[in-house]
Amino acid sequence: MNIETIKTRLAGGELDARAVAERALGAAEELNETLGAFLQIDRAGALARAGELDADRGASPARALNSVPVAVKDNICVRGLQASSGSAILRDYYPPYNATVIERLRAAGTIILGKTNCDEFAMGSSNENSAYGPVRNPWDTKRVPGGSSGGSAAAVAARIVPIALGSDTGGSVRQPASLCGIVGVKPTYGRVSRYGLAAFGSSLDQIGVFATNTTDAALALSVIAGRDPRDATTADVAVPDYVSQLTGEMQGARIGVPRELFGEGLDADVRASVLAAIETYRALGAEVVDVELPHAKYAIAVYYIIATAEASSNLARYDGVRYGCRAEESRTLREMYRRTREEGFGVEVKRRIMLGTYVLSSGYYDAYYLKAQKVRALLKQDFARAFERCDAIITPTTPTTAFLLGEKTDDPLAMYLNDVYTVTANLAGIPGISVPCGLSQTNLPIGMQLLGAHWSESTLFRFAHAYERAQPFDARPSVMAKGEA
Amino acid sequence: MPITESDIEKIAALAQLELTDEERRALTPQIASIVNYVEQLNELDTSAAEPALGGLTGEGARTDAAREDAPLPSLGQTLALDQAPDPAAGHFRVPKVL
Numbered sequence: 001m002n003i004e005t006i007k008t009r010l011a012g013g014e015l016d017a018r019a020v021a022e023r024a025l026g027a028a029e030e031l032n033e034t035l036g037a038f039l040q041i042d043r044a045g046a047l048a049r050a051g052e053l054d055a056d057r058g059a060s061p062a063r064a065l066n067s068v069p070v071a072v073k074d075n076i077c078v079r080g081l082q083a084s085s086g087s088a089i090l091r092d093y094y095p096p097y098n099a100t101v102i103e104r105l106r107a108a109g110t111i112i113l114g115k116t117n118c119d120e121f122a123m124g125s126s127n128e129n130s131a132y133g134p135v136r137n138p139w140d141t142k143r144v145p146g147g148s149s150g151g152s153a154a155a156v157a158a159r160i161v162p163i164a165l166g167s168d169t170g171g172s173v174r175q176p177a178s179l180c181g182i183v184g185v186k187p188t189y190g191r192v193s194r195y196g197l198a199a200f201g202s203s204l205d206q207i208g209v210f211a212t213n214t215t216d217a218a219l220a221l222s223v224i225a226g227r228d229p230r231d232a233t234t235a236d237v238a239v240p241d242y243v244s245q246l247t248g249e250m251q252g253a254r255i256g257v258p259r260e261l262f263g264e265g266l267d268a269d270v271r272a273s274v275l276a277a278i279e280t281y282r283a284l285g286a287e288v289v290d291v292e293l294p295h296a297k298y299a300i301a302v303y304y305i306i307a308t309a310e311a312s313s314n315l316a317r318y319d320g321v322r323y324g325c326r327a328e329e330s331r332t333l334r335e336m337y338r339r340t341r342e343e344g345f346g347v348e349v350k351r352r353i354m355l356g357t358y359v360l361s362s363g364y365y366d367a368y369y370l371k372a373q374k375v376r377a378l379l380k381q382d383f384a385r386a387f388e389r390c391d392a393i394i395t396p397t398t399p400t401t402a403f404l405l406g407e408k409t410d411d412p413l414a415m416y417l418n419d420v421y422t423v424t425a426n427l428a429g430i431p432g433i434s435v436p437c438g439l440s441q442t443n444l445p446i447g448m449q450l451l452g453a454h455w456s457e458s459t460l461f462r463f464a465h466a467y468e469r470a471q472p473f474d475a476r477p478s479v480m481a482k483g484e485a
Numbered sequence: 001m002p003i004t005e006s007d008i009e010k011i012a013a014l015a016q017l018e019l020t021d022e023e024r025r026a027l028t029p030q031i032a033s034i035v036n037y038v039e040q041l042n043e044l045d046t047s048a049a050e051p052a053l054g055g056l057t058g059e060g061a062r063t064d065a066a067r068e069d070a071p072l073p074s075l076g077q078t079l080a081l082d083q084a085p086d087p088a089a090g091h092f093r094v095p096k097v098l
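Residue numbers (our numbering), protein chains in the order written: chain F, 1 to 485; chain V, 1 to 98.
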């Protein structure tokens with residue numbers, strides 16, 4: 001059920017909040033063995049919350065997301081639920097507070113269903129780096145759902161929940177959305193509060209949303225967006241009513257195409273689908289213009305310097321002192337730190353901490369970190385110039401469709417190259433959305449990405465929605481909640 | 001300059017990681033290959049570029065993020081210690097420092 005259906009059925013008395021919660025819980029429990037999407041399913045909490053909403057029937061319908069079940073990535077704090085971030089070092093960690101996005105979702109009437117599996121500390125593009133096992137793609141369970149927010153993407157794709165939260169540092173919302181055939185939004189840097197999100201790359205991280213359609217994504221972002229005094233990086237910028245912008249109007253809109261990103265390394269089916277989407281926009285009245293992003297080809301290199309440098313600093317807090325696991329029987333403090341981190345972190349997290357420590361180490365700072373920040377500035381400039389000529393840029397979201405579990409685990413660099421289309425938005429701080437735009441010959445979903453100037457989420461939602469109306473994505477995964485269409 | 005196992009050992013010490021021999025052997029060529037990849041940035045002339053440190057958006061940079069300097073309620077001792085691996089008498093207990 002999408003949000004509109006839930007609203008209609010509640011209004012018509014066919015369902016109450018408890019029935020909505022029971023349905024979602026049943027689906028989550030039934031499919032979890034197959035998909036591994038949830039690390040914790042909060043049956044008691046979800047039913048108690050539904051009871052509150054049913055008891056408050058007078059006030060509830062006015063809430064934007066009344067009785068909507070939501071799944072939350074495990075690196076976002078929900079009081080009373082675990083927050084392992086997919087890491088063994090935070091096994092059994094129960095945060096004592098709610099993230100701001102959770103407070104806002106609760107105020108809007110949602111039911112938090114549980115916490116979803118993810119790559120450890122959001123580091124990965126396949127969800128295979130979780131300490132708690134992989135997530136499987138609902139379209140083909142031999143394949144990855146993408147990452148790092150793989151559990152949230154799979155839960156929405158399998159229609160267990162209509163919306164879910166993820167975090168996107170280099171594509172961790174858009175890439176799994178694309179691989180799972182759903183909508184994923186990464187907002188402008190500073191749009192959504194990160195208070196209560198486990199930090200990975202602080203100049204890159206944004207919380208984003210997954211939904212089965214653009215309207216639900218727009219509604220969810222309207223609820224969580226906006227300045228938060230508890231996150232100094234949130235900007236004082238008014239949040240528009242995104243849903244009211246979904247007019248379908250494309251006359252006069254300008255879509256930019258960076259042709260150099262449609263070359264080598266791009267799967268033929270993905271290329272054909274995105275090129276077809278460009279033709280759909282043309283048919284809807286948009287003007288298609290060529291744009292250049294000459295520094296985009298350096299984005300992965302820039303990203304893996306900046307993201308790992310920031311991660312090595314952010315992850316220094318996991319030391320076995322204040323929360324999380326601690327290695328037993330260490331004789332000294334230093335030994336305790338090292339053994340705790342050796343036992344608690346997985347291989348990809350160690351690799352990134354090592355790389356980040358290296359690029360920041362004495363004598364190397366200018367050569368790597370400073371150099372990367374300069375190229376980042378050049379990339380930002382590329383986008384600023386491109387957005388003088390167009391309202392949004394279209395690219396594939398990912399170079400290929402979902403790959404097989406284990407296919408890329410031995411080659412970290414090959415795995416990183418999955419993010420080639422998505423990391424640019426995080427580096428430039430701009431918003432991006434991934435929208436399903438077809439199926440491959442192997443029956444796997446393909447996503448296209450729209451990128452916009454800072455704070456242009458309204459435009460991205462309008463363009464995405466116009467496409468969705470013109471080319472509805474009716475295909476469904478093979479693993480899905482019972483009774484869902 | 002090629003990255004050696006002894007470089008990896010030094011970096012691990014800086015990062016407070018205690019790698020096994022196997023991990024060190026596996027990580028050395030991987031880190032070397034990633035470093036080699038990121039060094040493609042050297043082909044770019046960035047002498048005229050200002051590094052993008054902070055201020056990703058103009059609006060973010062203009063937002064006054066400082067709040068009034070006034071005491072607010074905090075977690076409190078009980079809750080702050082609630083998740084500690086080894087709390088003792090209102091403190092976080094750790095092994096000896098020296």
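Bear in mind the hints are in silico, worked out from the structure with no lab data behind them.
Owing to the predicted nature of the structure, the values given are computational and were not obtained by experimental measurement.
Glycine included, every Cβ here is placed at the ideal spot set by N, Cα and C.
Wrong hints could be hidden among the right ones.
Lysine-lysine pairs mimicking DSSO-like chemistry, simulated, CA-CA at most 27 Å apart [what the hints assert, rightly or not]: (1) F:Lys-408 - V:Lys-96; (2) F:Lys-297 - F:Lys-482; (3) F:Lys-482 - F:Lys-142; (4) F:Lys-7 - F:Lys-408; (5) V:Lys-96 - F:Lys-482; (6) F:Lys-408 - F:Lys-482.
Simulated coverage check for chain F against chain V, where a stretch passes if three residues somewhere in it have a Cβ under 8 Å from a Cβ of chain V [claimed, not checked]: (7) 10 to 23; (8) 34 to 47; (9) 154 to 163; (10) 172 to 180; (11) 440 to 447.
Quick look at which bits of chain V chain F covers, simulated, 3 or more residues with Cβ under 8 Å [as the list claims (entries may be wrong)]: (12) 7 to 17; (13) 32 to 38; (14) 45 to 57; (15) 72 to 82; (16) 87 to 98.
Here is what the structure says about each hint:
no.: 1; hint: F:Lys-408 - V:Lys-96; in the structure: violated (43 Å)
no.: 2; hint: F:Lys-297 - F:Lys-482; in the structure: violated (44 Å)
no.: 3; hint: F:Lys-482 - F:Lys-142; in the structure: holds (21 Å)
no.: 4; hint: F:Lys-7 - F:Lys-408; in the structure: violated (42 Å)
no.: 5; hint: V:Lys-96 - F:Lys-482; in the structure: violated (56 Å)
no.: 6; hint: F:Lys-408 - F:Lys-482; in the structure: violated (32 Å)
no.: 7; hint: 10 to 23; in the structure: violated (count 0)
no.: 8; hint: 34 to 47; in the structure: violated (count 0)
no.: 9; hint: 154 to 163; in the structure: violated (count 0)
no.: 10; hint: 172 to 180; in the structure: violated (count 0)
no.: 11; hint: 440 to 447; in the structure: violated (count 0)
no.: 12; hint: 7 to 17; in the structure: holds (count 8)
no.: 13; hint: 32 to 38; in the structure: holds (count 5)
no.: 14; hint: 45 to 57; in the structure: holds (count 9)
no.: 15; hint: 72 to 82; in the structure: holds (count 4)
no.: 16; hint: 87 to 98; in the structure: holds (count 6)
Against the hints set out earlier in the document, violations occur for numbers 1, 2, 4, 5, 6, 7, 8, 9, 10 and 11.
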